[in-house]
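If you're matching them up, the sequences are chains A and B in order. UniProt numbering numbers the first residue of the first sequence as 1 and each following residue consecutively. UniProt numbering numbers the first residue of the second sequence as 1 and each following residue consecutively.
All clues given are correct.
Below, a list of computed lysine-lysine pairs in the PhoX-like style, where the Cα atoms sit at most 25 Å apart: (1) K215/B to K386/A; (2) K398/A to K210/B; (3) K210/B to K399/A; (4) K458/A to K215/B; (5) K220/B to K398/A; (6) K399/A to K220/B; (7) K386/A to K220/B; (8) K458/A to K220/B; (9) K346/A to K56/B; (10) K377/A to K410/A; (11) K229/B to K458/A.
Just so you know, these hints were derived from the structure itself, not from any lab.
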Amino acid sequence: MSVLQNGAAPLRAMDDESDVEEEALVADYREQVQYEGMEELEQVTSLTMAQQTDDIQSRLAAAAQPLDFSAPLEVKFASYDNYCSLFHFILNSDGPVDLEPPSYYWAWDVIDEFIYQFNSFCSYRNRVARQGSNEEDIQILREAPNTWGCYSVLNVLYSLIQRSQINEQLAAMKRNEDPMAVAGDYGSKPLYRMLGYFSIIGLLRVHCLLGDFSLALKTLDDIELNKKAMFARVMAAHFTTYYYVGFSYMMMRRYADAIRMFSHILIYVSRTKNFQKNAQYDSISKKNDQMYALIAICVAFHPTRLDDTIHTALREKYGDQLVKLQRGGPESLPIFEELFRSSCPKFISPTPPDFDNPELNVDPLEHHLAIFMDEVKTNMWSPTVKSYLRLYTTMDLKKLAGFLEVEPEKLRGWLLVNKQRSRQTRWTDNGLLDGEIVTSSDLDYAMQGDLIHISEAKVGRKLVDWYLRNLARTY
Amino acid sequence: MGVSFDYTPDRPEHIDTILNGLDRYNPETTSVFQEYVTQQCEERTVDSYANLALLKLYQFNPHLAKDETITNILVKCLTIFPSPDFSLALHLLPPHILTPASASSALPAAGDAPLSEAVQKLNVLNNLLGRASYSEFWSTLDSDDLYADLIADVAGFEELIRIRIALTISQSVREIERPVLESWLGMQGEGFEKFVRGVCGWGLEGSVVKVPLNKENEAKGTIVRENVKIEQFSRVIRRAYEQPS
Chain A
1 MSVLQNGAAP LRAMDDESDV EEEALVADYR EQVQYEGMEE LEQVTSLTMA
51 QQTDDIQSRL AAAAQPLDFS APLEVKFASY DNYCSLFHFI LNSDGPVDLE
101 PPSYYWAWDV IDEFIYQFNS FCSYRNRVAR QGSNEEDIQI LREAPNTWGC
151 YSVLNVLYSL IQRSQINEQL AAMKRNEDPM AVAGDYGSKP LYRMLGYFSI
201 IGLLRVHCLL GDFSLALKTL DDIELNKKAM FARVMAAHFT TYYYVGFSYM
251 MMRRYADAIR MFSHILIYVS RTKNFQKNAQ YDSISKKNDQ MYALIAICVA
301 FHPTRLDDTI HTALREKYGD QLVKLQRGGP ESLPIFEELF RSSCPKFISP
351 TPPDFDNPEL NVDPLEHHLA IFMDEVKTNM WSPTVKSYLR LYTTMDLKKL
401 AGFLEVEPEK LRGWLLVNKQ RSRQTRWTDN GLLDGEIVTS SDLDYAMQGD
451 LIHISEAKVG RKLVDWYLRN LARTY
Chain B
1 MGVSFDYTPD RPEHIDTILN GLDRYNPETT SVFQEYVTQQ CEERTVDSYA
51 NLALLKLYQF NPHLAKDETI TNILVKCLTI FPSPDFSLAL HLLPPHILTP
101 ASASSALPAA GDAPLSEAVQ KLNVLNNLLG RASYSEFWST LDSDDLYADL
151 IADVAGFEEL IRIRIALTIS QSVREIERPV LESWLGMQGE GFEKFVRGVC
201 GWGLEGSVVK VPLNKENEAK GTIVRENVKI EQFSRVIRRA YEQPS
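Go ahead and model the full structure; you've got the sequences and the hints to work with.
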């Protein structure tokens, strides 16, 4: 159950201090919600089309309800059919459907749940094929290759985006024009506008799940990432957006940008967590930890000064791991792997698996991890090299090689690698894929034959922040 | 000089149209993209964003995938190391592609065993380049005929790689011994001198190669000072006025 739930309306006012009790209440409440969701879902499947249209409001509500993780295949299939007919109704009726969304976060919940179910279905299908033990399920899945197919999911998302003219609307807003002028019949209705908007976030997520990180970032071209953005109104959407954008940046080796994304949202969460003592916050806290793990990875690649709040929390949660990551070398590899595994999205493969060759159905996670680990290995000597260079202003290469007990030729390679990797693209303006190449390291050096010249960019103490914080405290 | 990842200077208009529309998912555009890859191979240009779109089409429609085009795209990515493009392309290939040969060769049914072998070989090259083990890169390239086949379609592969290597060297080197540079560039004698003087514009003095100073290899120390703006204090100042005295 990793669904971010917005449907979790305010719990009964409770001001008891017992966390245990509170958790129990939350769990209890969640169970109820799920139970209702299931019931409604089954009801819907047993209804006829005519009856369904009568009761459209309940279908809208049902679409936003989370599906139980261990639901049997038939329920997953039925749920897919439900989504298809609902989206078909919304997209292909004569003209825009005259409906008010049940709540302002409904559209997010629908898209979120739709993608979540797609994601877990694909993972499940892949797992069944890999294990090859559940003959019954294999047979069912083999016969329905198009259920929860990638093309149909993308089709829904793109259709919602196009129908609502949401990209045109967002572009108009960027130019400070009235979005309604370009919204068209569909896009001027809140139902379509919101579905369209959250479909963009949904696309970001799907592309990222499929391993297409550059396209994932490209998708957000028209959305401005700031607190005024529409997604910021729905906490789960806000959170999800930054997680996937940050992750995509990390995979494109733009660690400074990734850190910026994760820090932004984590600071936001830590500032607002006091008002969110409910189920919603509960499910967010898991992703919260994942993002701290990702920050730890990014900081290891790109040492930088973090915001104090983040830094403290990071040391609390991943203190030991962070030290090992920052030390580099072969000992850091298992830590990188462990953190990546626990904090990456649940990658999927877009096509139905090969049921006849179970060995070919490698978990997509392993694939992406292997590629990521190659990059980690490329970089793993940089911390060692840097820690030595920091001590000198000039140094003989052969002497340093002796200290490190490596061949001079190897050391030359490490020096080149570290220099290359300290140059990164960093965002300044425009789309998320845009950016300028900047040198990110404070340590610089050049080789003159076997002599290494070293220089350091010293950062003067930053006092303003400290000063302001203490002023605020004493006032 | 910010260059967006999705931007390529001389991208043909029809490719641009496909990339910006839903046709990028249309299986019928695979042939257009494939021709574009061939064109890049011949004209020594690279358009990774378009190539990733083709790999995505292959990802969705495995039956359309052409092994040769896939390896050509990867080889093109090598010629622009140390950018992340090679990894980004790998991410879009089938998940079993990097599983060690022992596992996949045991499967006669796996139709694309040769592809995964080729991809793994190219990945070895990519790692050698990424780790700046340039002399090992050249010896590995020579060690197997398969490599010659793989790079055959990409015009000027070796020269493009040499230029990239020279570029990374110029970032951190002011002077380098000739034998070291020879092994890094994988060439000797007259060809070496011509490349160093003509293409790179570096100086040769006895057994030392001199790289002219540039922004990256001068390694000058700097002190970064905090940039304090009055706006940062606006809240404090406002509070001071609001406070009843």
